[in-house]
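Line order of the protein sequences matches chains A and B.
Using my numbering, you'd call the opening residue of the first sequence number 1 and step up by one each time.
Using my numbering, you'd call the opening residue of the second sequence number 348 and step up by one each time.
Calculated directly from the structure, the hints in this document are not laboratory data.
C-beta: ideal position from N, C-alpha, C; glycine also.
Keep in mind that a hint or two might mislead.
[Claimed, not checked] Taking lysine-lysine pairs in the DSBU-like style, the calculated list, with each CA pair at most 30 Å apart, reads: (1) A:97 <-> B:516; (2) B:598 <-> B:586; (3) A:126 <-> B:598; (4) A:309 <-> A:164; (5) A:98 <-> B:586; (6) A:161 <-> A:189; (7) A:126 <-> B:586; (8) A:309 <-> A:223; (9) A:126 <-> B:494; (10) A:164 <-> A:321; (11) A:345 <-> B:598; (12) B:598 <-> A:98; (13) B:494 <-> B:516; (14) A:97 <-> B:494; (15) A:126 <-> B:516; (16) A:248 <-> A:313; (17) B:598 <-> A:97; (18) A:345 <-> A:321.
[What the hints assert, rightly or not] Residues of chain A placed beyond 10 Å of chain B at every Cβ, according to the derived structure: (19) 58; (20) 72; (21) 93; (22) 116; (23) 126; (24) 147; (25) 162; (26) 171; (27) 172; (28) 187; (29) 196; (30) 211; (31) 243; (32) 250; (33) 259.
[What the hints assert, rightly or not] Computed list of chain B residues with no C-beta within reach of chain A, every gap over 10 Å: (34) 399; (35) 436; (36) 452; (37) 500; (38) 506; (39) 509; (40) 532.
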Amino acid sequence: MPTIELKNISNFICRNISATISNGELLVLLGPTGAGKTTLLNIICGLAPYEGSVVFDDEPIDAIPISRRRIGYLFQDLALFPHLDVRRNIIYGLSIKKWGQDQIGARLDEMCTLLNIGHLLGRYPKDLSGGERQRVALARSLAPVPRVLLLDEPFNSLDIKTRKYLRLEFKRIVKALGLTTIFVTHDFKEAEEVGDRLAVIESGRLEQVATPQEIFFSPNGYKVADFLGSPNIFDCEGYEALGNGLVKAACEGFTIVTVWDKGDLRKIAISPEDIYVSRDEPPGPPINRFRGTIVEEVSSNSLITITIKTETKDVLARIRKEDFLAENLSVGSDVFFILPLRNLKGA
Amino acid sequence: MNRVKKLTPRWEILPVAIFLALWEVVARLNLVPGQFFFPPFSVVMREFGHLIANGVLVDNFLSSLIRVLIGFFTGSLAGVALGIIMGWNEATNKALHPILSLLYPIPALGWLPILMLWFGIGELLPITIIFICSFFPVLYNTITGIKGVPTGFIRAAEILGASRTEILKTVLVPLALPNIFTGLRLEAGMAWRVIIAAEMVAIPTGIGALLMRAESLIRVDIIIVCLIVLSIMCLCFEKFFIFMEHRLTGKWG
């Protein structure tokens, strides 16, 4: 599978984007709506005009027509042909390329085994569930043996449970095939679960390309930090192991218990929306429970971001407006907050 | 199970039976003034049989049927073919759209006087009228169908390696079929209405001409027979296209 190089890519949305995606790497293109994620995918497969160059293994593909770029593309709406049953959808690309019947049959069997969709072959797309449609669309993209796989927010329309299951399944399949893959999403949690590296794109510019952990703990500039939801990052001065993979760390005046078994713990981070806030003292042991005073509230849509001042550090929390009102909170309120164990990230 | 289903009475027939019975009773009891203008259903059916037996109805019906089939088939075929080209190729669409937009609003029968002068009274006249009647609606439905195919399907086919011609054959035309059939279905009935009108005005043979002769002879029974034939043919044509549409697109449409 090729290494993809994007050299000074510009068009009506993208601005001078350069990046390299290694052979077999799964890069997640992360950014808000309208940032240029889909446009960049369209550029790579030749569907959008651009300046600059797209290179596969040192060979520029800019002059190669879309139909000969050998790219697998999973659209956001999947674009399964409604008039073809699952079997004919999957083999569409193979029939177009005039594969022999034996080859088509063998490849179809491979796809059915890989994605566990053998029982769906006679059905039409309208008779499939959301998850089944995703699998069939992925099979159709993979069947013609693409060199590169592009996925444009493929799991968006699914419920949370199916989505989580499918993205793990998807990662397993892509890694097993060793495909160079670009996966687009606007969800950081999805991105960190799926990607080897993340590329954060904002207003057509590539702001940062790094591992999920690097991006979360060291966002490159306020745009990236803002997109990630401005996570709270605690610098740790020391920690002691509690056993069972747990450690107790001293971080900027907070004693935080977290899961950690990867060597030296330097930082702990948590997203503002993962913090529980209440006016009354929460029940349970006094672990990861702290007190502070609300010093600022910023409202946006259905959420309110509050700044909680403690003796040593200001902590950001994001809660639903209705919860904020139900708890009768306002600037000046003394509150308790919890840093849930499973939402803490270490570095 | 199927046998039981077959034996189950079709309740849709009941209103028709009541209507026919009422018709018969009202006509027989002379409840409508001027009985010549309102013959009983049984008299109409007797005349139906008589007209079939003496060949008048069959001859006129076949004349109309052949005109409709030829005109409708050629008009639809031309409409579908040009519609596909115009829906697919924007340059052709831009070149032909203005002139076709001017011609489309003209009612098919509006062409009758000029066509009579050009072609004279002959078979070509009604066939051309039916051609025009079928061509435009089928053309516009086909263009709408082709243009209405979501871009995502075209892009997906393109990325999977399909050429423009392959995209047309394997994606655009199949996905435009429901629209094309809507045009065909509507125009199949319309073709019969138009041929009757054309035959009534200008052609000496066919169901329309028979209607006009019956009118001049004050034979309401024959007029009703012709209307029944017309109704059945419109219904048959429409049902045929519903059946074909279901056969071709029912599994996924």
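- request: Find the hints from earlier in the document that the structure breaks and name them by number, from lowest to highest.
  value: 4, 5, 11, 20, 21, 23, 37, 38 and 39
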